[in-house]
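So the protein lines, in turn, are chains A and B. Under my numbering, the first residue of the first sequence carries the number 1, and numbering increases by one thereafter. Under my numbering, the first residue of the second sequence carries the number 1001, and numbering increases by one thereafter.
It is possible that some hints are incorrect.
Simulated crosslink set (BS3-like; lysine-lysine; CA at most 30 Å straight-line) [claimed, not checked]: (1) A/Lys4 - B/Lys1016; (2) A/Lys2 - B/Lys1068; (3) A/Lys27 - B/Lys1095; (4) B/Lys1068 - A/Lys132; (5) A/Lys35 - B/Lys1068; (6) B/Lys1068 - A/Lys133.
Calculated from the model, a selection of chain A residues having no Cβ within reach of chain B, i.e. all distances over 12 Å [to be verified]: (7) Trp18; (8) Val25; (9) Arg30; (10) Glu34; (11) Ile51; (12) Asp106; (13) Glu120.
None of these hints come from the bench; they were simulated from the model. Heads up, the beta-carbon is just placed ideally off N, CA and C, and yes, glycines get one too.
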Amino acid sequence: MKEKICMIVFVLILGSTWTTALVVVDKYTRPYIEKYQAEKLRKSVLGAFGISYEGQDIEAVFSENVDVIEKGDKTIYRTKSGAIAFNITGSGSQGPISGVMALESDLKTIKGITIVSHVETPGLGDRVLEKKKLDTFKGKKIVPQLEVIVAGTAEKENEVQGITGATLTSKAFEKLINTESKEYISLVSEGE
Amino acid sequence: MLLKTVFGAKGYKVIKNGIWSEHPISSATLGICSALAVSNKVENAIAMSAGVVFVLLLTGVLISLLRKLIPSRVRIITYMITIASGVTIVDLALKAVVPTISEALGPYVGLIITNCIIMGRAEAFFVQNDTYHSILDAIANGLAYTYTLVTIAIIREILAFGTLLGFQILPGTWMSWAIMAAPAGAFFLLGTFLWVTRTLADIEPPGKG
C-alpha cells in the first residue's frame, strides 16, 4: 500500500513539476516567438513580391511598399503596381504547409512563392519547398490550373517540373496552390 | 591506455560499448527509423545527430539524478514525460532566442523525441548508473549514432544527388540514382552497414545468443 501511494505521489509531483515548467517557459517565450513570427510573415510577403529588404528595416520597407487589405478573416497584401499576395495554407504529405504566394497584377501569373513553415521529410519532400525549386514557379500560369509534372517533362506555361522521390509533396503543393489561389482571386474580383 | 586512465576502467568500457561493441544501431537495432529517414543528405544527418546527442545528454543527466526516486512500475512514463517536456522546453527557448536554428531543426523535433535510442538508453543505462557514467554513455551512443548516419548520408547524397553537403562533386553528367534518396536505398545501405559492423565487432544477431 505504501509503495502504491509513493508511486502516485511521484507521478503527481513529476507531472505537475514539468507542467509548471512548461507553462512558465511558454509564458516567457511567447512574446518573442510572436514578434519573430510577425516579422517572418512580413519577410515572406516581401520575398514573394521580390522586394529586397536585406539590411533594411523590415517594418519600414513593408509599410512603404505593401497595403494590407482585410476581407473577413482573410488578409490580402497588395503592392502599388497591383500585384497581390496571400497566405497559402493546407496539408502537405507529412503535415501542414504554410507559405505566401504573390501573383502579378493580371492575377494569372505567379510572381513568387515563399514558405513560412512545413514539416515535410528532410531531403525527400522538402526539396519541393526549397528556394531553388520555388524559383521555377515564377512566371508560370495558374489558369486553367497549375500542374506539377512528376513523370515526364514540364512544357506548357502552366506546368512546373516536379521531383522524383517527392511525388506526394509535389502533388499536395500543387493542390494547395490551386485551391488557395482560386479562393483569393474570387475574393479580390468580387470586391471590385 | 590513455582513455582508461582519463575515464576510469568502467568509463572506458562504457565508451567502448557505446561506440563499438554495443553500438545502438547495429547491436541493439535502435534508432533504425530515423537512421533510414534522415540519412539522405549529410546536412540533415548532422542536424539530426546533434539533436539526438543533446537530448541523450539531457535525458542521461535527468534520469540518472532521479534514478533512486523513480518507482520501477512507472519508470517508462517518467522517461516519456521527462524527454517530451525537456525537448519542448528547449525547443521553445530556441524559438525565442535563436529562431533561425529552431527553424532549421523544426522538422526534426518530433523525430528526436520519439527516437528509440533515447528511451532505450534511459531504460538500459541511465536508470541504473550514476550521472558521470550516464553522461559518458550518452556521448558514446550519440557518437555511434552520428557516425552511422553521416556515413550512410555521405554515400546516399553522393549517389543520389552528385553532391556532398550541397556542393557538386560528381560531374554534371552524373546520372543521379534517385533510388538512393528513396527509402529503398536507405534500407539497402543500412543493411550493408549492419552486416559489416556486426561482422567486424563480432556481434551475434538477436535470437542466436
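Going through the hints against the structure:
no.: 1; hint: A/Lys4 - B/Lys1016; result: violated, 39 Å
no.: 2; hint: A/Lys2 - B/Lys1068; result: holds, 17 Å
no.: 3; hint: A/Lys27 - B/Lys1095; result: holds, 13 Å
no.: 4; hint: B/Lys1068 - A/Lys132; result: violated, 53 Å
no.: 5; hint: A/Lys35 - B/Lys1068; result: violated, 43 Å
no.: 6; hint: B/Lys1068 - A/Lys133; result: violated, 53 Å
no.: 7; hint: Trp18; result: violated, 4 Å
no.: 8; hint: Val25; result: violated, 5 Å
no.: 9; hint: Arg30; result: violated, 8 Å
no.: 10; hint: Glu34; result: violated, 10 Å
no.: 11; hint: Ile51; result: holds, 21 Å
no.: 12; hint: Asp106; result: holds, 33 Å
no.: 13; hint: Glu120; result: violated, 7 Å
Violation of the numbered hints given earlier is confined to hints 1, 4, 5, 6, 7, 8, 9, 10, 13; the remaining hints are satisfied by the structure.
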